[in-house]
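Chemist: Read off the chains here:
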Amino acid sequence: MLELFIFLYQFADAFALLTLSAAGLMIIFGMMGVINMAHGELMMIGAFGAARGFQAGLPLPLAILAGGLAATLVGLILERLVVRHFYGRLLYSLVATWGLSLILSQGALIVLGPSTQGIESNFGNFLVGDLSFSIYRIVLFGIAVGVIAGLWALFRFTTFGLQARATMSNADMAKALGIDTARIYMLTFGLGAFLAGTAGALFSLAAPVQPSFGASYTPIAFVVVVVAGSRNIIVGLTLAVVMLALVKTAVTINLNILGGYVAMLVMALLVIRFSPNGVADWLQKARSLIKKPSTGR
Amino acid sequence: MTFSLINGRIEPGSSKLFWFGFCVLLAAAVVVPHLVGRYTLLNLNSFLLMTFLAIGLAFLWGFCGILSLGQSAFLGIGGYAYGVIAINLAGVPGQTGLAFVGAIGTTVLSALLVSWIIFYGHLRGVYVSIIMLVVTLLFETFLNQTAGPQWTIGVASLGGNNGLGRFSGAIQELPSLKLGAGEAAVLMIGKSKTFFYVTLALVVGCYLALRLLVNSRIGVALAAIREDPDRTETLGYDVRLLQTFAFCIAAGLAALSGILYVSWGNFITPSVFGVTSNILPVIWVAVAGRRSLAAAVLGAAGLQWGSQALALQGEYALVIQGALLVVAVLLLPEGLISISNVVSKYLGKSSNPNLEQMPQKGRDHAA
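Keeping their order, the protein sequence lines are chains A and B.
Just so we're aligned: 84 in the numbering used here is position 79 of the first sequence, and the numbers increase by one with no gaps anywhere.
Just so we're aligned: 103 in the numbering used here is position 97 of the second sequence, and the numbers increase by one with no gaps anywhere.
Possibly wrong hints are sitting among the right ones.
Now the stretches of chain A that chain B is said to cover, found in silico as 3 or more residues with beta-carbon under 8 Å [unchecked claim]:
{"hint": "1", "region": "104-114"}
{"hint": "2", "region": "169-178"}
{"hint": "3", "region": "224-237"}
{"hint": "4", "region": "264-276"}
In case anyone wonders, no lab produced these hints; they're calculated from the structure.
Don't be surprised by glycine CBs; every beta carbon is placed ideally from N, CA and C.
Kindly generate the complete structure, drawing on both the sequences and the hints.
Modeler: The following block contains the structure:
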């Protein structure tokens, strides 16, 4: 019984880590096909913003929000100055955002120094049997579920969501129908940056904040996005995160943390080896099988 | 016949002026070691040995349309394999030669495995780039935690983030490459003129061989794949096999850099798998011009030299190189080499078709 709880707790922890690390990257990739290589640096900016805000006396939720907004601001500036020139030219966008990432991380090292900061976590622990568990990890899990639900609602019910989905499925047609696709792209990039910054701010309670802060989350985020594919943001993200979190949890418990990461990568390689468009493809195939025989497309 | 292939249409630079410049540069390079001190020579050697990594990346990216963001992984695999094999063969005749062959073999085998996943899995371009980056970062994480006696291959201890070689504090001697046998053998020590001349000869040899390759029928097919893989496949080319071949060539070149790196410094650490080691070759190639092998060589050597000069001034070298990369892809998407194209157009000479702007649609697919 206790073992089951430990597994669930670890799974929830991995689920939160993967979802929050990848959500911002996933939104931008799903909409524009751009993999934002500066994602980790936006997380770092969010973490620094939250830490500074908290030290300046902001209450914790506001400090986290401040971190998210700081990353949004930087993200919007990057989008206007650089990224918007590379929509539709995917390899160029990779290289350009990688350059931005180098500027931001090294710039942070110069401006802020290699010092570490952090926010004292004051959430405490709870006991199950003789073992104590962090309450904050459960909070993070709740937030991760909330992020997925919130994104779903955003794309399902709002005008922005409708226009975004139209742009995603056929940008030229959406433009012809009067949707300002450039604005949609900008807002999406801003949303991705906000999610990245907020994730960084949330993780800053559990990890030391330093200029290389984002580097520990970006590989995970890349793996999630690769497994998820770009067909369907919400479904792909959820499926990918659940699968990867299960693998990570099982291997981490039975082996070690590094083994968990290796297992996630192997899993990702196997998925894309046999399903290059990611797991979201599976659901669409399954759905089309159930509904009616496929009619070509 | 051979010369006309070397001087074909795919690689820019076929005019008399180009070959004149080539000879002048080569002559200058031959004289340089006699004009500089030992410390500068040591640095020049380290810049020169990295050009194989750059030329392989330019070949892969500019000529085949495959952008690997983790190309330094193959440098690391080659370097580590060379070190591990050489340490295990201590005392055996032909020790470093066997290690050299083993290292190239190991790297090409790894490249084949990666190719099976990325090319035979029909992955899109962006995925290939990202997967390579994730793989190399995982290598770094893995090797960083290999400190301790349980992490050994034969008698070579991997040494965690101290890496292989003298910083591990172990008694392992990581030997420099020894070429030839008996009286004629030359030892590739990092501070020697021998190192410089042998590496220079290898650079020129690899450059000319790659020119041959890109101008051959295979090279033309690879360029076709870059522009439109589906159409090339329809025309009857085995796209995946050709991509695998190109990927292995580039990996082998990276491994050559790795072996020479170990031979140069007698150590290698997991940082060769890190982000910085992987972004630098991309910067050299993107800034100089990915569609020219000569530009890749010059870009690699020149930017390393420039960044070292900057690093002596302060910590801004990486920021400036990042900015250089962003500015280059924004304003000069084909790199500095495209300026020469403009100049030759201005002079009324025929420009190289490979450097001209491709139609937007085809470019999206490949670039």
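Chemist: A separate judgement is required for each hint: does it hold in the structure or not?
Modeler: Hint check:
Only residues whose C-beta sits within less than 8 Å of a C-beta in chain B count toward coverage, and the region 104-114 of chain A has 8 of them, enough to reach three; the restraint holds. Judged by the Cβ-Cβ criterion of 8 Å, the region 169-178 of chain A is not covered by chain B as claimed, because only 0 of its residues qualify and three are needed. Counting residues of the region 224-237 of chain A whose beta carbon lies closer than 8 Å to any beta carbon of chain B gives 5, which meets the minimum of three for the stated coverage. For the region 264-276 of chain A, the assignment as covered by chain B holds, since 5 residues bring a beta-carbon within under 8 Å of that chain's beta-carbons and 3 suffice.
Of the numbered hints listed earlier, the single one contradicted by the structure is hint 2.
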